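Student: Take a look at the letters that make up each chain.
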Amino acid sequence: MSILQGKKLVLLGERDGVPSPAMEAALAASGGEVAFAATECFV
Amino acid sequence: MSKASVRASAYCLCHVPELALWYGNTPHAERAAHPESEFLGQLASAVQEYDKAVRYAPNLAYIGALSPDDLLDRPQPWHEHLESGPARNGKYGEIIPEDEFLGFMDICDVFDLIWLEAGFAARVREKLAAHSLITETMLHRLEAGHEALDISGAVERGEALPLYCGGKVIGCCRRGHETDHNLSAYELLVNIACKASGVLSLLHLIKNAGLRPEDIDFVVECSEEAAGDVCQRGGGNFAKAIAEIAGCSNASGCDVRAFCAGPVNALINAASMVVAGARKNVAVIGGGAIPKLYMNSRDHVKKGLPALENCLGGFGVLLTPEDGVHPVMRLDCLGKHNVGAGASPQAVTSALVLEPLQKAGLTFSDVERYAAELHNPEITLPAGAGNVPEANYKMIAALAVMKGLLEKSAMPAFIKEHGMPGFAPTQGHIPSGVPFIGHAVDAITAGSLKRAMIIGKGSLFLARLTNLADGASFLLEGPSAVSGAADLSKEDIKAAILDVLAELAGEMSKKESAS
Chain A
5 MSILQGKKLV LLGERDGVPS PAMEAALAAS GGEVAFAATE CFV
Chain B
1177 MSKASVRASA YCLCHVPELA LWYGNTPHAE RAAHPESEFL GQLASAVQEY
1227 DKAVRYAPNL AYIGALSPDD LLDRPQPWHE HLESGPARNG KYGEIIPEDE
1277 FLGFMDICDV FDLIWLEAGF AARVREKLAA HSLITETMLH RLEAGHEALD
1327 ISGAVERGEA LPLYCGGKVI GCCRRGHETD HNLSAYELLV NIACKASGVL
1377 SLLHLIKNAG LRPEDIDFVV ECSEEAAGDV CQRGGGNFAK AIAEIAGCSN
1427 ASGCDVRAFC AGPVNALINA ASMVVAGARK NVAVIGGGAI PKLYMNSRDH
1477 VKKGLPALEN CLGGFGVLLT PEDGVHPVMR LDCLGKHNVG AGASPQAVTS
1527 ALVLEPLQKA GLTFSDVERY AAELHNPEIT LPAGAGNVPE ANYKMIAALA
1577 VMKGLLEKSA MPAFIKEHGM PGFAPTQGHI PSGVPFIGHA VDAITAGSLK
1627 RAMIIGKGSL FLARLTNLAD GASFLLEGPS AVSGAADLSK EDIKAAILDV
1677 LAELAGEMSK KESAS
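The listed protein sequences correspond, in order, to chains A and B. Each residue of the first sequence is one higher than the one before, starting from 5 at the first, in the working numbering. Each residue of the second sequence is one higher than the one before, starting from 1177 at the first, in the working numbering.
By construction, these hints were calculated from the structure, which means they are not laboratory data. One thing to keep in mind: the hints can contain errors.
Claimed, not checked - Listing some non-contacts, in silico: residues in chain B with all C-beta distances to chain A over 10 angstroms:
#	residue
1	Q1534
2	E1549
3	K1633
4	A1672
As the list claims (entries may be wrong) - Label-pair distances were calculated between CB atoms; the ranges are:
#	chain 1	residue 1	chain 2	residue 2	range
5	B	G1261	A	K12	55 to 65 angstroms
6	B	L1674	A	G21	50 to 60 angstroms
7	A	L8	B	G1343	50 to 60 angstroms
8	B	E1667	A	A30	41 to 51 angstroms
If you're wondering where the values come from, they're calculated on a predicted model, not measured in any experiment. For every residue, glycine included, the Cβ atom is placed at its ideal position computed from N, Cα and C.
Extracted from the complex, chain A is given alone in its bound form (with noise of 0.2 angstroms):
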């Protein structure tokens, strides 16, 4: 079983490195609910 099983996510994603869509992708078989998911830009 994902250690991620029955948690619940917080993604923050960053344009230049991972976005949080590809973050939720990753995670869609991990168990886990995303409770939040952003992406920020800090540039």
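Chain A is already provided as a structure; the job is to place chain B on it using the hints.
Tutor: Only chain B this time, still in chain A's reference frame:
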């Protein structure tokens, strides 16, 4: 024909630490929330003065007084190891000081929104009169100035924002409407500064191209500001307003917006117009963003560094029909980040780098230099935003490894050889690939560079309309023969042969009749 010539480029910086201190979003928001903030006091002491800004290597690389590769030889931090001699002017443009820029903003203001104190206006008039690109007509637009009491009165009544120079109020920016937030003093100050930095860039561009203002047919503006009122908040248009002040009487214009991907998208739009024959001399112009000044200053101050985000950036690129002389921008192999492409770094890099290379029949190593997100790392690293250009180069190299086109062990060498250090101010759209165009054009012309890729990426999600980002890219190469043999189809060749045969037959029948 699917190529436009890059005839000239221009890059300017407007050194405005007092606009940054008062109206950069980070200190501006802090002042509203905590007027007695300790941070604001510290920030006021963290200024990088003009005499240092004109010796700061990344700034000099931006205006063309140094090349980006020169930065590799300079010890870091660059802000501590300043160049020995100051350079206000470079090959592509200048670093204008704040007093002159405030005067220039007044020149660019057509609604009497900027008021300057009379003594300041007189002093700055003398300086601007000595500027080689500011004409008598422009200078005539500079106001005689106002009484200090009129300025303080407008500020006290909440009708204007004060403007500072040398720590003193030297003028104000008035609001354009009593209730419309889009015409507030703050929005208009931001827009006039964007316009003025755009005009300055256009003036340098026209000079660098060896043209007259009247020769410009169209201006495409690509900053990140919105010009409009309550009923049409982003109506525009900066382009035509900029062209007007620069004396481009035969030009019209329009704006292109795509956050930091705006410049590359604007260049593609402009090149397409040129290639289609719709317009001839098209200038792509981007002015600077006041809100982004001192954006990361909280971290700079915390770490005892100078607040380096003190310059508005501006740039211009002039595109013309392919002339066989100047380097060209290719339109047959553009990078485009489609809606369905996905957001993962490899999906974005595939769309912007791999796919255009495949379209062009090239591989990663065929592009000698990649220009992607050229943010100055001395600004971003202390703020925890990383070395942005390096992150992009790593991703390009990693994708090449994934595709089996590069050995993993060769990644560091690829990044060093095909990348470059960041040298642009964190002005959003300004660092987005375009600062290298001038350097690339010079190197291609000199024969020291064969091909470069310009990559722009934009954070569309910041507008809360979509979670998508955007990106676009294009290749810059040396000029091909004007005949464009490679672009001719079989039908073109057939038609040309038939024309010649018909002409020959006509000549022969004339001769026969004469004899």
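Student: All hints, please: hold or fail.
Tutor: We went through each hint and held it up to the structure:
1. Q1534: Nearest chain A Cβ is 22 angstroms from B/Q1534, so the label holds.
2. E1549: 6 angstroms, violated
3. K1633: 7 angstroms, violated
4. A1672: Check passes; 49 angstroms lies beyond 10 angstroms.
5. B/G1261 / A/K12: 55 to 65 angstroms: 58 angstroms, holds
6. B/L1674 / A/G21: 50 to 60 angstroms: This hint holds: roughly 58 angstroms between Cβ atoms.
7. A/L8 / B/G1343: 50 to 60 angstroms: Given a distance of about 54 angstroms, which is inside 50 to 60 angstroms, the answer is holds.
8. B/E1667 / A/A30: 41 to 51 angstroms: 50 angstroms, holds
Hint compliance for this structure: hints 2, 3 are broken, all remaining hints hold.
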